[in-house]
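> Quick mapping for you: the protein sequence lines, in order, are chains Y and A.
Residue numbering for the first sequence follows our numbering, starting at 1 and increasing by one per position.
Residue numbering for the second sequence follows our numbering, starting at 465 and increasing by one per position.
Hints listed in this document are in silico derivations from the structure and should not be mistaken for laboratory results.
Here the structure is a predicted model, which is why all the values come from computation and not from measurement.
For each residue, glycine too, the CB sits at the ideal point set by N, CA and C.
Misleading hints may appear alongside valid ones.
[Stated by the list, open to error] Here are some, though not all, of the chain Y residues that point toward chain A, as calculated from beta-carbon distances under 10 Å:
{"hint": "1", "residue": "221"}
{"hint": "2", "residue": "284"}
{"hint": "3", "residue": "303"}
{"hint": "4", "residue": "305"}
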Amino acid sequence: MGESNVADGEGERYIYSYDMTENEPRRPVAVVMPATVEEVQAIVRLANERRTPLVPFVTGQNVGGLTIPQVDGAVIVDLRRMNRILTVDEDAMYALIEPGVTFGHMKRYLGRHSPGLRYTYPLAPPFTSIVANALLQGLCDLSTRRGAMENFINGFEVVLPTGEIVRVGSGILGEDNWFGRYPLPDLVGLFSGWQGMTGIVTKMAVQLWPKQPYVRYAALFTTDEEQTVGLLRRIVRTQVLDDADCMSVSLVKMLLGAEPPVDIYPDEPQYATLLTVSGQNELEVEGKYQAVAQAVARERSRDRRVNLIDWDAITVLMGRDANSWVDFPSDAFKILAEYDGLTWVGTYVHPARWATALKRGREVVERYGFELMAFLKPMNGMHYGELKFIVRFPKDPETIERVRQCNSELLDVLLALGAIPYKTPVWAARRLLERCDSGFVQLLRRIREFLDPNGILNPGRYSL
Amino acid sequence: MTGTPRDLLGIILHRMLSSRLDESVLGASVRHWRMTVVLETEYHPVTLRFDEGLTIERGAAERPTLTVLTTLDTVAAIARSSLSPLTAYLHGLLRVKGMYRHPLAAARFLRLLLSAVTGRRTERGGA
Numbered sequence: 001m002g003e004s005n006v007a008d009g010e011g012e013r014y015i016y017s018y019d020m021t022e023n024e025p026r027r028p029v030a031v032v033m034p035a036t037v038e039e040v041q042a043i044v045r046l047a048n049e050r051r052t053p054l055v056p057f058v059t060g061q062n063v064g065g066l067t068i069p070q071v072d073g074a075v076i077v078d079l080r081r082m083n084r085i086l087t088v089d090e091d092a093m094y095a096l097i098e099p100g101v102t103f104g105h106m107k108r109y110l111g112r113h114s115p116g117l118r119y120t121y122p123l124a125p126p127f128t129s130i131v132a133n134a135l136l137q138g139l140c141d142l143s144t145r146r147g148a149m150e151n152f153i154n155g156f157e158v159v160l161p162t163g164e165i166v167r168v169g170s171g172i173l174g175e176d177n178w179f180g181r182y183p184l185p186d187l188v189g190l191f192s193g194w195q196g197m198t199g200i201v202t203k204m205a206v207q208l209w210p211k212q213p214y215v216r217y218a219a220l221f222t223t224d225e226e227q228t229v230g231l232l233r234r235i236v237r238t239q240v241l242d243d244a245d246c247m248s249v250s251l252v253k254m255l256l257g258a259e260p261p262v263d264i265y266p267d268e269p270q271y272a273t274l275l276t277v278s279g280q281n282e283l284e285v286e287g288k289y290q291a292v293a294q295a296v297a298r299e300r301s302r303d304r305r306v307n308l309i310d311w312d313a314i315t316v317l318m319g320r321d322a323n324s325w326v327d328f329p330s331d332a333f334k335i336l337a338e339y340d341g342l343t344w345v346g347t348y349v350h351p352a353r354w355a356t357a358l359k360r361g362r363e364v365v366e367r368y369g370f371e372l373m374a375f376l377k378p379m380n381g382m383h384y385g386e387l388k389f390i391v392r393f394p395k396d397p398e399t400i401e402r403v404r405q406c407n408s409e410l411l412d413v414l415l416a417l418g419a420i421p422y423k424t425p426v427w428a429a430r431r432l433l434e435r436c437d438s439g440f441v442q443l444l445r446r447i448r449e450f451l452d453p454n455g456i457l458n459p460g461r462y463s464l
Numbered sequence: 465m466t467g468t469p470r471d472l473l474g475i476i477l478h479r480m481l482s483s484r485l486d487e488s489v490l491g492a493s494v495r496h497w498r499m500t501v502v503l504e505t506e507y508h509p510v511t512l513r514f515d516e517g518l519t520i521e522r523g524a525a526e527r528p529t530l531t532v533l534t535t536l537d538t539v540a541a542i543a544r545s546s547l548s549p550l551t552a553y554l555h556g557l558l559r560v561k562g563m564y565r566h567p568l569a570a571a572r573f574l575r576l577l578l579s580a581v582t583g584r585r586t587e588r589g590g591a
């Protein structure tokens, strides 16, 4: 790798010891930055021989403390130099990428080289790793239709904790063949959702989608939790939406420049949702839009405070910035970095308990005196809902403690409703595993021990 | 403009109008206005106080010069040009209490609102 790609100075160890969350920092002993799969393999083999803990890292933007070492003596394996887009297959519509490729890279690359295709973008900074987000089963701006980002994985190459390089998915039959995961034993599940405990993915095939020539956006304003969730569920089940991004109206105020702390008044809209429809022509898009408008009109006949506002009007009312919110949504959320602290409790939840989860979670956040920054997304055609409560905060000891208590209480409320937390820090994973089916936990441990007999990859993670 | 509203409608109005008032001619003219306008929608009322500038407050002021009654839906339709203010008025979608007693105030306020909407349309490249 060369000396310039290995560091053990105090500065580097400090930078990799923490993230924006309230999770306790811990310094690694060193940071290595491989550029090839062979270098990753050599690092893992050496670590396995010496029993050195390794923590995979790309950009550290997970907002879950997921790259903070959980044990002393760990080495961070920073994969950001592996940042090539290796192939875009126009026929099977996938991109083969390395872990350092970010959403910003992908958008720019497709815009230049494959303008007929699109990837999908999360509400995260544009410098976030696609591979990391997919492996963490995050969400994106096609999740309402197609589910969590793991669904976009066609397969990958991975270095096992014992140093072997293996492939999963149709790429097992060679290059230029990463079209899907089936019909095969689906071994993606041995690595996805494991937070880097079972292998280091060195290339991944992710699905792309035809870029529709006509796209229309609208903002939906609603009042209470039952109404918001109920209406979203009805709209999504019309199956005309590409995506829906619902947020507490405080976030809209933040986007419009409101200074913190941002409150919500009871007599103003409580939630705002960005709705997206697309199609091959204006007629198709108009038809889809009207299906949404009909669902909204039925609710509006009961409550005139429900409003569906076309994005043309939103740009007039809220300004040109509104176009950037839909063009590349991740870029709009600089507001989340108002302070040096940022955290969340995010879950996927049964649709029937989605509104209750939102309402009870809101009560917790407000009782602790934090701004309500709630996000909701109908997932996978409304088979489930996503819900997260974000807290931005200054990292002083009193506030950090209050954040911990708030998040702890939030998690308990959500787990009691059967919600499954995602991108879980260790404390949250522990709480989940204490409650869940014991056979599942035992199976997790057996798989981990099988793949990583010396326990070198991200030890302590996920409370395993 | 003085102060920054904390409610969504107030923030939107503030953003729409502040860019208009920054323009030297209109801004200079508005500084001489003395009137209070209450905007009532399906949400909470908002008060626009013109007095050596413009202050926007959540809630309804007592004894306003004008009270404008409309809905967010109507405002949005005007914003995207699918409805003209005159048509909205004629169909009762936009009502102005106090217009006959204070016609100049009504004309000024509606012109300012229209100017803000038109200005934004021009900014975004629309007609």
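> Checking hints one by one. Is residue 221 of chain Y an interface residue toward chain A, by the C-beta closer than 10 Å rule?
Nearest chain A Cβ about 7 Å off; hint holds.
> Residue 305 of chain Y was flagged as interface toward chain A. Is the shortest Cβ-Cβ separation under 10 Å?
Holds, because the Cβ-Cβ distance from residue 305 of chain Y to chain A comes to roughly 5 Å (cut-off 10 Å).
> Can we keep the residue 303 of chain Y interface hint, with Cβ of chain A closer than 10 Å?
Hint on residue 303 of chain Y: holds, closest Cβ of chain A at ~9 Å, below 10 Å.
> Do the numbers back the hint for residue 284 of chain Y, that is, is its least Cβ distance to chain A under 10 Å?
violated, 20 Å
When held up to the earlier numbered hints, the structure conflicts with hint 2 and nothing else.
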